[in-house]
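Colleague: For the sequence shown, the tail end lands on 108 under the working numbering, and the numbers increase by one without skipping.
Worth double-checking, as some hints may not be accurate.
Said to hold, decoys possible - Between beta-carbon pairs, the in silico distance windows are:
(1) ASP99 to VAL61: 46 to 52 Å
(2) ILE94 to THR2: 35 to 41 Å
(3) ARG65 to LEU90: 34 to 40 Å
(4) ILE64 to LEU86: 28 to 34 Å
(5) SER80 to LEU19: 20 to 26 Å
(6) ASN20 to ARG62: 38 to 44 Å
(7) ILE64 to SER87: 23 to 29 Å
(8) GLN32 to PHE57: 35 to 41 Å
(9) ILE58 to ILE95: 25 to 31 Å
No lab work stands behind these hints, which were simulated from the structure alone. Glycine included, C-beta positions come from ideal geometry on N, C-alpha and C.
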Amino acid sequence: MTANFLQEFWFAVRGALRLNSEVISIAGASTQGIYIALIVLLTAGFSQAIGQSIVLFINRVRPIRFFLSLIAAAVLFVFSYLFWVLSLWLASDIILRLDFGFIEVAQG
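All chains should be modelled from the sequences, with the hints used to inform the complete structure.
Modeller: Shown next, in the form of structure tokens:
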């Protein structure tokens, strides 16, 4: 990762946390916007998995399996998001006959 990417990433994250729509638009239009979005999605999935990790503690899962479960949950979170985007995109195209691009629906 380059320093420029990290600067853009933290700029987008700070703007999103402040609910600044201009910053979110700028980050979305950046050349590395898709990578920023994927990292944010992975982080959200990881955060959700940590929140649900009490079940892993109760079942006394070994540490390596615990961390692998967290990573798998984060990746599955991204895939579920992409599935929803794909479903909405196909429904809008086939059923509603709306001409949206996949990236537009993902940014939606």
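Colleague: Taking 25 to 31 Å as the stated bounds, is the beta-carbon spacing between ILE58 and ILE95 within them?
Modeller: Hint violated: Cβ distance 43 Å, outside 25 to 31 Å.
Colleague: Regarding ASN20 and ARG62, is the given constraint of 38 to 44 Å on their beta-carbon distance met?
Modeller: holds, 42 Å
Colleague: The hint says 20 to 26 Å between SER80 and LEU19; measuring C-beta to C-beta, is that right?
Modeller: Hint holds: Cβ distance 24 Å, inside 20 to 26 Å.
Colleague: Using the C-beta atoms of ILE94 and THR2, is the stated range 35 to 41 Å upheld?
Modeller: holds, 40 Å
Colleague: Could one say that the CB atoms of GLN32 and PHE57 fall in the range 35 to 41 Å?
Modeller: holds, 37 Å
Colleague: Verify the CB-CB distance for ARG65 and LEU90 against the hinted window 34 to 40 Å.
Modeller: holds, 36 Å
Colleague: Do ASP99 and VAL61 keep their Cβ atoms within the hinted range of 46 to 52 Å?
Modeller: holds, 47 Å
Colleague: Quick check: does the Cβ-Cβ distance between ILE64 and LEU86 fall within 28 to 34 Å?
Modeller: Given about 33 Å between the Cβ atoms, the range holds.
Colleague: Given the range 23 to 29 Å, decide if the beta-carbon distance of ILE64 to SER87 lies inside it.
Modeller: Because 34 Å falls outside the window, the suggested range is violated.
Consistency note: the structure conflicts with the earlier hints numbered 7 and 9.
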